[in-house]
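Protein chains: 2
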Amino acid sequence: MLIKIPLHISGLWYPIITNNPLTTGSIGAGINIALYLTAKLRNTEKCGIILNNEEVLKDHSQTICGKLGANLYVDEKSPISLGYGFGVSAACLLGLSLSSLLIKNNTIEKATWPAHIAEVIYNTGYGDVIAEFYGGVEIRVKPGPPGIGVVEHIYPGRKIDLIVSILPGREDTPKMLKRISRETYDLAKKLVEELLEKPSVEEFFEKARIFTSKIFSYDSIDELLSPYRSKIIGYFRKKQALTLWVEKEWLDEIYSYLNKYFLTFKTWIDMYGVRFENPP
Amino acid sequence: MLIKIPLHISGLWYPIITNNPLTTGSIGAGINIALYLTAKLRNTEKCGIILNNEEVLKDHSQTICGKLGANLYVDEKSPISLGYGFGVSAACLLGLSLSSLLIKNNTIEKATWPAHIAEVIYNTGYGDVIAEFYGGVEIRVKPGPPGIGVVEHIYPGRKIDLIVSILPGREDTPKMLKRISRETYDLAKKLVEELLEKPSVEEFFEKARIFTSKIFSYDSIDELLSPYRSKIIGYFRKKQALTLWVEKEWLDEIYSYLNKYFLTFKTWIDMYGVRFENPP
Numbered sequence: 001m002l003i004k005i006p007l008h009i010s011g012l013w014y015p016i017i018t019n020n021p022l023t024t025g026s027i028g029a030g031i032n033i034a035l036y037l038t039a040k041l042r043n044t045e046k047c048g049i050i051l052n053n054e055e056v057l058k059d060h061s062q063t064i065c066g067k068l069g070a071n072l073y074v075d076e077k078s079p080i081s082l083g084y085g086f087g088v089s090a091a092c093l094l095g096l097s098l099s100s101l102l103i104k105n106n107t108i109e110k111a112t113w114p115a116h117i118a119e120v121i122y123n124t125g126y127g128d129v130i131a132e133f134y135g136g137v138e139i140r141v142k143p144g145p146p147g148i149g150v151v152e153h154i155y156p157g158r159k160i161d162l163i164v165s166i167l168p169g170r171e172d173t174p175k176m177l178k179r180i181s182r183e184t185y186d187l188a189k190k191l192v193e194e195l196l197e198k199p200s201v202e203e204f205f206e207k208a209r210i211f212t213s214k215i216f217s218y219d220s221i222d223e224l225l226s227p228y229r230s231k232i233i234g235y236f237r238k239k240q241a242l243t244l245w246v247e248k249e250w251l252d253e254i255y256s257y258l259n260k261y262f263l264t265f266k267t268w269i270d271m272y273g274v275r276f277e278n279p280p
Numbered sequence: 001m002l003i004k005i006p007l008h009i010s011g012l013w014y015p016i017i018t019n020n021p022l023t024t025g026s027i028g029a030g031i032n033i034a035l036y037l038t039a040k041l042r043n044t045e046k047c048g049i050i051l052n053n054e055e056v057l058k059d060h061s062q063t064i065c066g067k068l069g070a071n072l073y074v075d076e077k078s079p080i081s082l083g084y085g086f087g088v089s090a091a092c093l094l095g096l097s098l099s100s101l102l103i104k105n106n107t108i109e110k111a112t113w114p115a116h117i118a119e120v121i122y123n124t125g126y127g128d129v130i131a132e133f134y135g136g137v138e139i140r141v142k143p144g145p146p147g148i149g150v151v152e153h154i155y156p157g158r159k160i161d162l163i164v165s166i167l168p169g170r171e172d173t174p175k176m177l178k179r180i181s182r183e184t185y186d187l188a189k190k191l192v193e194e195l196l197e198k199p200s201v202e203e204f205f206e207k208a209r210i211f212t213s214k215i216f217s218y219d220s221i222d223e224l225l226s227p228y229r230s231k232i233i234g235y236f237r238k239k240q241a242l243t244l245w246v247e248k249e250w251l252d253e254i255y256s257y258l259n260k261y262f263l264t265f266k267t268w269i270d271m272y273g274v275r276f277e278n279p280p
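Residue numbers (the UniProt record's numbering), protein chains in the order written: chain C, 1 to 280; chain P, 1 to 280.
Accuracy of the hints is not assured; some may be wrong.
Said to hold, decoys possible - Here are the simulated lysine-lysine pairs, DSS-like style, with alpha carbons at most 25 Å apart: (1) K159(C) <-> K40(P); (2) K198(C) <-> K104(P); (3) K110(C) <-> K198(P); (4) K104(C) <-> K198(P); (5) K40(P) <-> K67(P); (6) K110(P) <-> K190(C); (7) K190(C) <-> K104(P); (8) K67(C) <-> K260(P); (9) K104(C) <-> K248(P); (10) K104(P) <-> K159(C); (11) K4(P) <-> K159(C); (12) K4(P) <-> K104(C); (13) K159(C) <-> K110(P); (14) K159(P) <-> K40(C); (15) K110(C) <-> K159(P); (16) K4(C) <-> K77(C); (17) K198(C) <-> K110(P); (18) K4(P) <-> K4(C); (19) K142(P) <-> K142(C).
To be verified - Between beta-carbon pairs, the in silico distance windows are: (20) E247(P) <-> I180(C): 54 to 64 Å; (21) L2(P) <-> K214(C): 35 to 45 Å; (22) N278(C) <-> P79(P): 17 to 27 Å.
I should point out that these hints are in silico values taken from the structure, not numbers from a laboratory. Each residue gets a CB set at the ideal place from its N, CA and C atoms; glycine is no exception.
Start from the sequences and build out the full structure, keeping to the hints where you can.
In structure tokens:
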């Protein structure tokens with residue numbers, strides 16, 4: 001049995017911190033893409049996550065196994081590595097946490113809670129767990145994991161052709177979050193409210209660029225994209241994750257262009273979130 | 001563009017009535033099956049629902065178009081008709097209500113609200129809208145439509161082979177609901193709490209039978225099923241909807257047996273709820 005988890009790029013966020021990790025999280029919005037982390041339970045003798053053949057997130061894993069009261073050791077594969085802004089840590093932890101459903105009765109939603117708790121405790125993400133669980137283009141209206149937090153979804157209306165690139169450089173999430181000022185979060189809050197008033201994918205891309213340009217540099221991206229600017233419907237970056245929504249006719253050409261510079265993927269919107277697949 | 005909505009059979013329910021239809025609904029549990037109502041927007045000049053070539057739910061439709069501030073006329077198909085306990089009214093109304101996404105910006109969740117409101121106002125269902133929206137084997141833990149109510153899901157763990165039959169007779173939902181006593185609802189409440197403690201499909205079937213046997217007669221069903229009793233893992237009826245979970249090896253034989261008496265379908269669990277499909 002394989003657990004498939006879409007990767008998630010947040011475009012708007014502001015943290016809500018309480019004294020309980022289950023009511024802590026972020027209000028915001030983001031996009032789930034049809035690039036998936038897959039997780040497979042290997043054994044129940046030790047606790048840990050092997051991502052692309054390397055052990056990762058050891059402290060997080062110990063916290064999750066502790067919460068679950070069970071050892072789970074999972075094998076995971078992801079087309080994109082940890083730390084670039086694609087919510088891979090949340091996907092890894094969801095893979096571990098949801099594997100517990102194979103050995104003990106729990107609701108699917110509550111089985112995600114240890115993953116959300118670990119993300120909050122180690123400051124690696126505040127909204128990716130709930131976003132990835134439900135998929136789609138999501139607006140997080142109440143913080144917390146599935147069953148506590150609330151997401152609403154934007155209806156795309158047409159096929160959204162996406163290109164994602166991994167920009168050079170690296171900054172870990174706790175460090176990145178410290179750079180964001182109160183004023184920038186107030187802007188995020190205002191943009192989320194406006195997005196809820198007029199929820200569309202166009203508005204999401206526009207607002208995500210406005211917000212993230214307060215945190216990340218767009219200079220070299222704007223320059224790089226300038227030859228194709230009129231073929232790109234929207235774009236934004238979060239950390240090293242560059243997301244472009246492009247005209248279908250230009251998908252291949254822009255993909256080839258960006259892939260010369262960065263590791264790049266053609267993708268689209270994942271509409272279904274976490275799924276469980278039986279082996280053939 | 002086609003909207004696909006799974007049919008839903010509730011097995012446990014107790015109503016929570018408030019002075020606001022959006023916080024009114026039911027706590028309970030039920031199963032979504034891989035039999036779908038499909039809806040297609042025909043035009044925006046009048047308001048109504050054509051189900052299997054017949055206009056249905058006229059008052060509900062007027063209420064929904066009023067809430068939406070738009071006329072929507074939808075063509076719908078369903079393998080099962082209204083009034084037998086498969087949540088077809090909620091599916092019809094969801095088809096109408098969600099069609100509004102084609103003509104105006106709204107979140108997908110909020111686009112379901114008029115359907116839930118109409119169900120509550122006309123007393124035709126309290127939990128089917130949220131159940132069908134999210135799919136799966138669901139436990140409704142907080143009443144209301146998607147975005148307000150909360151559902152959690154039972155992880156099935158293996159392929160669940162289902163047979164559903166439509167029993168003879170008919171009783172409309174408002175009338176059926178009136179027959180249920182306070183004590184029976186107290187039982188439902190206790191069973192839902194127990195199911196949340198130990199969420200499994202086995203427990204769901206068991207508890208659904210215990211609860212519904214206070215409302216519907218099982219005498220003729222028990223007799224009819226007696227030759228196959230040991231091959232049936234679980235079964236329950238809600239109104240005219242008889243749902244059986246059977247051993248895979250006996251699926252065809254039990255299906256043929258029941259289909260001699262009633263309109264019968266082989267099916268399984270729908271795991272994804274409402275989906276939007278583009279025409280090929």
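Cross-check of the supplied hints:
Restraint check: the Cα-Cα separation between K159(C) and K40(P) comes to about 18 Å, which is no more than 25 Å; the hinted pair holds. As the CA atoms of K198(C) and K104(P) are separated by approximately 9 Å, the hinted pair is consistent with the 25 Å bound. For a cut-off of 25 Å, the pair hint linking K110(C) to K198(P) stands: about 12 Å separates their Cα positions. Restraint check for K104(C) and K198(P): satisfied, since their Cα atoms lie roughly 9 Å apart, inside the 25 Å limit.
Restraint check for K40(P) and K67(P): the C-alpha separation of about 20 Å stays at or below 25 Å, so the hint holds. For the proposed pair K110(P) and K190(C), the alpha carbon gap of about 20 Å is at most 25 Å, so the pair holds. Proximity of K190(C) to K104(P) is assessed by CA-CA distance (about 22 Å); at most 25 Å being required, the pair is judged to hold. A C-alpha spacing of about 51 Å is found between K67(C) and K260(P), which places the hinted pair above 25 Å, so the restraint is violated.
In summary, the hint linking K104(C) to K248(P) is supported, as the alpha carbons are separated by about 23 Å, within the 25 Å threshold. Pair hint K104(P) plus K159(C) holds up; C-alpha atoms about 17 Å apart against a cutoff of 25 Å. The straight-line distance between the Cα atoms of K4(P) and K159(C) is roughly 17 Å, inside the 25 Å bound, and the hint therefore holds. A hinted pair counts as satisfied when its Cα atoms are at most 25 Å apart, and K4(P) with K104(C) does not qualify at roughly 32 Å.
Simply put, K159(C) and K110(P) have alpha-carbon atoms about 22 Å apart, close enough for the 25 Å limit, and the pair holds. Proposed proximity of K159(P) and K40(C) is supported: the alpha carbons are some 18 Å apart, at most 25 Å. Of the supplied pair hints, the one linking K110(C) and K159(P) holds, its CA atoms being roughly 22 Å apart against a limit of 25 Å. With a C-alpha separation of about 10 Å, the suggested pairing of K4(C) with K77(C) holds against the 25 Å cut-off.
With a CA separation close to 12 Å, the supplied pair K198(C) and K110(P) stays within the 25 Å bound. This hinted pair checks out: K4(P) and K4(C) have alpha carbons roughly 22 Å apart, not beyond 25 Å. Taking the CA atoms of K142(P) and K142(C), the gap is near 15 Å; set against the 25 Å cutoff, the hint holds. Checked against the hint of 54 to 64 Å, the pair E247(P) and I180(C) passes, with Cβ atoms roughly 56 Å apart.
Judged by the Cβ atoms, the range 35 to 45 Å given for L2(P) and K214(C) holds: they are separated by roughly 41 Å. For the pair N278(C) and P79(P), the supplied restraint of 17 to 27 Å holds, since their beta-carbon distance comes to about 25 Å.
Checked against the numbered hints listed earlier, the structure breaks hints 8, 12; every other hint is satisfied.
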